[in-house]
Amino acid sequence: MTKRFISIWFPYLSTDRYALRDPALHHTAFVLRAASHGRMLVTAANAIARSKGVYPGMALADARAFLPSLRAFDDQPGVNEKLLHRMAEWCIRFTPAAAVDLPDGIILDASGCAHLWGGEEAYLRGMLQRFSQKGFQAKMAMADTIGAAWAMARFGNQAIIRSGTHIEAIKPLPPAALRIDTATAERLHKLGLQQIADLLPMQRKALRRRFGPLIIQRINQAAGTEQEFMDPVIPAEPYQERLPCLEPVSRIEGIEIALQRLLASLCTRLSNEGKGLRAAVFRCYRIDGKMVETSIGTSSASANQSHLFRLFSLKLSALAPGPGIELFVLEAPKTEDYVAAQEPFWKGSATVKDQRIAELVDRIAGKTGKASIHRYLPDEHYWPERAVRKVSTLQEEPVTEWRLDRPRPLQVLPLPEPIDVTAPIPDYPPMLFRHRGKLHRVVRADGPERIEQEWWIQEGQHRDYYAVEDEQGCRYWLFRSGHYDAEKTYRWFIHGYFP
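Numbering of the sequence shown is given in our numbering, commencing with residue 63 and proceeding in unit increments.
No lab work stands behind these hints, which were simulated from the structure alone.
All the pointers check out, no bait thrown in.
Below, simulated DSS-like cross-link-like pairs (lysine-lysine); rule was C-alpha separation at most 27 Å, straight line:
#1 K114 / K196
#2 K352 / K377
#3 K65 / K233
#4 K432 / K452
#5 K201 / K114
#6 K452 / K429
#7 K144 / K201
These numbers come from a predicted model, not from an experiment.
Using the sequences and the hints, build the whole thing.
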């Protein structure tokens, strides 16, 4: 696929920004000013002021001498850079890759995008109209290289340079179109080198010796013999699908259709590459410039279109389409290698890794929240607090077997809670205990099971555990910390609940 780039130039970026705040300035000559070496200089002038001979760099006093009605406002350094960054982010609706081109431009990588908007001419025309509606005067050009597009946008009169003709197109342009510094451009002009065509036949060594290495780099970049890289404001995800709309979409049915199409394309691509997504983001770019989004996560890698659509469908109602959505983008920022499961569900050798179990977990998480679902595996420890570990995926394997020879509660408290006991008997469970203000009478008990401290981790007293049942049939896991003695140095705790 041939690379195509668009350079967008905003010749009146600073003044257009001021005119957006005060529409009356559209019909008034005004400039922006800044102090420099004790003088007030013009840093930017709107189109009306420039038509009357006011240009950036001249003294404000001189400008007002022949244009007394000229209005002036303080320039704000750094604001244009932030504005360009926001505008480049807005341009994501036209291409996945957009970069800021300081001080007054944007670069777009439009490779493979124009056909989605009806061709290159309609593509550029649509962008120009949108910028004009937002109050910004813009000039843009499309070419095979960033350098050629930049040159044509600022010094040429062609908006679209046909593929393969960019070198011929930039030959009549002045050397300044090569993005060289002003001093070098003036030296070239004084030497009679008025066009880029005058520089191309010259020996590179002579140009480098007289004007430095930058001019050689710029010629090569404009011609395409040296690659030039962009720095996108939002790096494009490797797994991304886009769907522009000819007419704005504002109904939930249209959003669902767009999502299904994007999922079909993305899942097909993932399946062909042996991948599955673990996270996906569905973004909707509205015609008013705003973006709304929703995201999902899966417990295991998945490329199942219907399952992923069900996860998204739980959240689509929260998307606000506003006046209409003009672009849908589906991204998979997190993917993993994926092999479709072959074993039957809950039969034979089926395990927790079964894909349908993972999909069931995803659906439950979509309704109740991911934080409400937990998975625990046994760990190689004797001490109960360390014998169980929490894991985040269904793929993680246990390092040891669950202990089944001794009673263990279904719910273990994060930390044992102290209880008050009555009528204790040495080496026996209590007859009564009080927990959280409630008195429990013990009617059955099993134990004790002595668990010693893991001395290689920490020191402390042993524990004697009992599984007890109260008169209401509720079962608890209690323990006494330390030996029973007359000084009552021991303490009783509750550590868990049996089903």
